[in-house]
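Now for the letters of each chain:
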Amino acid sequence: DAGVIQSPRHEVTEMGQEVTLRCKPISGHNSLFWYRQTMMRGLELLIYFNNNVPIDDSGMPEDRFSAKMPNASFSTLKIQPSEPRDSAVYFCASRPLAGALDTQYFGPGTRLTVL
Amino acid sequence: GESVGLHLPTLSVQEGDNSIINCAYSNSASDYFIWYKQESGKGPQFIIDIRSNMDKRQGQRVTVLLNKTVKHLSLQIAATQPGDSAVYFCAEPGASSYKLIFGSGTRLLVRP
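Which chain is which? The protein sequence lines are D and B, in order.
Take 15 as the starting number for the first sequence in my numbering and just add one per residue.
Take 1060 as the starting number for the second sequence in my numbering and just add one per residue.
Among the hints, a few may not be true.
[What the hints assert, rightly or not] Chain B side only, calculated, beta carbon under 7 Å to chain D, not exhaustive:
| hint | residue |
| --- | --- |
| 1 | I1093 |
| 2 | K1101 |
| 3 | G1102 |
| 4 | P1103 |
| 5 | F1105 |
| 6 | Y1157 |
| 7 | F1161 |
These are calculated hints, taken from the structure and not from any lab test.
Note that this is a predicted model, so its numbers are computed, not measured.
Glycine included, C-beta positions come from ideal geometry on N, C-alpha and C.
Model the full structure from these sequences, guided by the hints.
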């Protein structure tokens, strides 16, 4: 079975440019999460979707960050404009159901470097 | 975010020995715990989970022990192999049902 798919795997861009990260969750999973991981702050939840609807975006750093989930098999995380402090690994994860007792399955991540 | 910064303790073990990775959790009402393994350059990978009504659960070469009295969780890896080298995180549900609180992680190094 294919796991969570993310693209690109690596992105290097210059400050001020727009960055779009993509995620395809595991088929049949109803919940999708975007995380950011840095050495200083560990894994941070950015936004959570359930049945394609954003439920909690309290972790989104600021208005420069936005996320969409137009259908059950695709989500994007956009940063516009990007800044060097956005450099991190961004993970997408999905979960079968919305209940608490369900494991989240992570994608391989996108390593973003903003110069 | 609901996670602790990465000040990683490191456990170094000889190949073939058993490894024990510990985790202290914060919420005595947590009813579910998960162990994740994160290899360099990869996303966290699910290893094993345990419900709070259990004290022990075994998988392939891994065993998770739960001590609710002292809010402690451990992951035991039998006959540790080089491929086990990674950072290991425990996780518990957060205040909201969909959130996971990740521990700070432990780096496991396997010496050949």
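Exercise for the section: Using Cβ atoms only, decide whether B:G1102 comes closer than 7 Å to chain D, and label the hint accordingly. Expected result: holds, 4 Å
Problem - Hint validity - B:F1161 Cβ closer than 7 Å to any chain D Cβ - result: Where the cut-off is 7 Å and the nearest Cβ of chain D is about 5 Å from B:F1161, the hint holds.
Exercise for the section: So, B:F1105 near chain D? Judge it on the closest CB pair being under 7 Å. Expected result: Hint on B:F1105: holds, closest Cβ of chain D at ~5 Å, below 7 Å.
Exercise for the section: Grab the minimum C-beta distance from B:Y1157 to chain D and call the hint holds if it beats 7 Å, violated otherwise. Expected result: holds, 5 Å
Practice task
Under 7 Å, Cβ to Cβ, is where B:I1093 needs to be relative to chain D, so tell me if that hint holds or is violated.
Solution key: With Cβ-Cβ at 6 Å, under 7 Å, it holds.
Exercise for the section: Classify the hint on B:P1103 as holds or violated, based on whether any CB of chain D lies nearer than 7 Å to its CB. Expected result: Since chain D brings a Cβ to about 5 Å from B:P1103, closer than 7 Å, the hint holds.
Exercise for the section: Answer holds if the nearest beta-carbon of chain D is closer than 7 Å to that of B:K1101; otherwise answer violated. Expected result: holds, 6 Å
The structure shown violates none of the earlier numbered hints.
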